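J.: Here are the chains, one letter per residue:
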Amino acid sequence: DTAVSQTPKYLVTQMGNDKSIKCEQNLGHDTMYWYKQDSKKFLKIMFSYNNKELIINETVPNRFSPKSPDKAHLNLHINSLELGDSAVYFCASTRAVTGGSYNEQFFGPGTRLTVL
Amino acid sequence: KQEVTQIPAALSVPEGENLVLNCSFTDSAIYNLQWFRQDPGKGLTSLLLIQSSQREQTSGRLNASLDKSSGRSTLYIAASQPGDSATYLCAVSGAGSYQLTFGKGTKLSVIP
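Heads up: the sequence lines are chains A and H, in that order. For the first sequence, counting from 1, position 15 maps to 15 in the numbering used here; every step adds exactly one. For the second sequence, counting from 1, position 97 maps to 97 in the numbering used here; every step adds exactly one.
Just to be clear, a hint being listed does not mean it is correct.
As the list claims (entries may be wrong) - If we take Cβ atoms under 7 Å as the criterion, some of the chain H residues that face chain A in the derived model are: (1) L49; (2) Q99; (3) K104.
Unchecked claim - Have a look at the derived ranges for each label pair, beta carbon to beta carbon: (4) E104/A / T5/H: 18 to 24 Å; (5) L116/A / T5/H: 31 to 37 Å; (6) R112/A / R72/H: 29 to 35 Å; (7) N62/A / E15/H: 46 to 52 Å; (8) R95/A / A29/H: 16 to 22 Å; (9) R63/A / P112/H: 44 to 50 Å; (10) S65/A / S70/H: 38 to 44 Å; (11) S65/A / N18/H: 43 to 49 Å; (12) E56/H / R95/A: 19 to 25 Å; (13) V60/A / E15/H: 38 to 44 Å; (14) S70/H / P61/A: 25 to 31 Å; (15) I111/H / T7/A: 33 to 39 Å; (16) L116/A / A29/H: 39 to 45 Å.
To be clear, the hints were calculated from the coordinates, so they are not data collected in a lab. Since we're looking at a predicted model, the values are computed, not measured. Glycine residues also receive a C-beta, built at the ideal position from the N, C-alpha and C atoms.
Isolated chain A, as found in the complex:
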């Protein structure tokens, strides 16, 4: 069983389109994340959700909107795609942060987005 899964694995689309990436975890974790890995392979946090509430929103364009229908799913919707959005997007999850205890993050396989 895949712990953290993402769909699609590859996404090729035209500039200006709207697209979504889905993420699901079956680990029973409470906190989920979206990270972006750019062309230089640098990974950077985009969003974090804890029990369906947004707890971090790093300085990403508001064209990116995360949505969490339940604590096992965190989807990423992107409006008006731009060339610079081309990257690999990773979903991750961890158990809830409680009393300063913070646990291991598990990552999905990534979604490679190419904007033409």
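With chain A fixed as given, assemble chain H onto it according to the hints.
T.: Just chain H, lined up with the frame of chain A:
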């Protein structure tokens, strides 16, 4: 703002050698440090997690150490194998926040 640096950026060693990968971070107020492996075109595989109160963690041929006060961690790989070839990423979680801050990674090549 936390910054994570990994040195070297790339490393090539013959099979069987022991090696050390280095990671440093600027803000010592961390919850934990995690080492990952990333194979080309793949996701991240967690290798070791060290809580801020710990000094080291071991898993098989891997040993990770943490010196929080000096902002350093090392990943020691014993008896390297060609299958160890990958990019190794170090990441820290900061106090008061939940996300990981990553280094740019060390690309390891183990030559048969």
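J.: Double-check Q99/H for me: the hint is only fine if its C-beta lies closer than 7 Å to a C-beta in chain A.
T.: holds (4 Å)
J.: State, for the Cβ atoms of S65/A and N18/H, whether the hinted interval 43 to 49 Å holds or is violated.
T.: holds (47 Å)
J.: For the hint 18 to 24 Å, verify it against the beta carbon of E104/A and that of T5/H.
T.: holds (22 Å)
J.: Using Cβ atoms only, decide whether L49/H comes closer than 7 Å to chain A, and label the hint accordingly.
T.: holds (5 Å)
J.: Could you check the hint for me, namely that E56/H and R95/A are 19 to 25 Å apart, CB to CB?
T.: holds (22 Å)
J.: State, for the Cβ atoms of R63/A and P112/H, whether the hinted interval 44 to 50 Å holds or is violated.
T.: Given range 44 to 50 Å: holds, Cβ gap about 46 Å.
J.: Is it true that the C-beta distance of I111/H to T7/A lies inside 33 to 39 Å, as the hint says?
T.: holds (37 Å)
J.: That 39 to 45 Å hint for L116/A and A29/H (C-beta), does it hold up?
T.: holds (43 Å)
J.: Can the suggested window of 16 to 22 Å be confirmed for the beta-carbon pair R95/A and A29/H?
T.: This hint holds: roughly 21 Å between Cβ atoms.
J.: Within 38 to 44 Å or not, the Cβ separation of V60/A and E15/H?
T.: holds (42 Å)
J.: Are R112/A and R72/H spaced within 29 to 35 Å by their CB atoms?
T.: Distance hint for R112/A, R72/H holds at roughly 33 Å.
J.: Answer holds if the nearest beta-carbon of chain A is closer than 7 Å to that of K104/H; otherwise answer violated.
T.: holds (6 Å)
In this structure, the one hint that does not hold is number 14.
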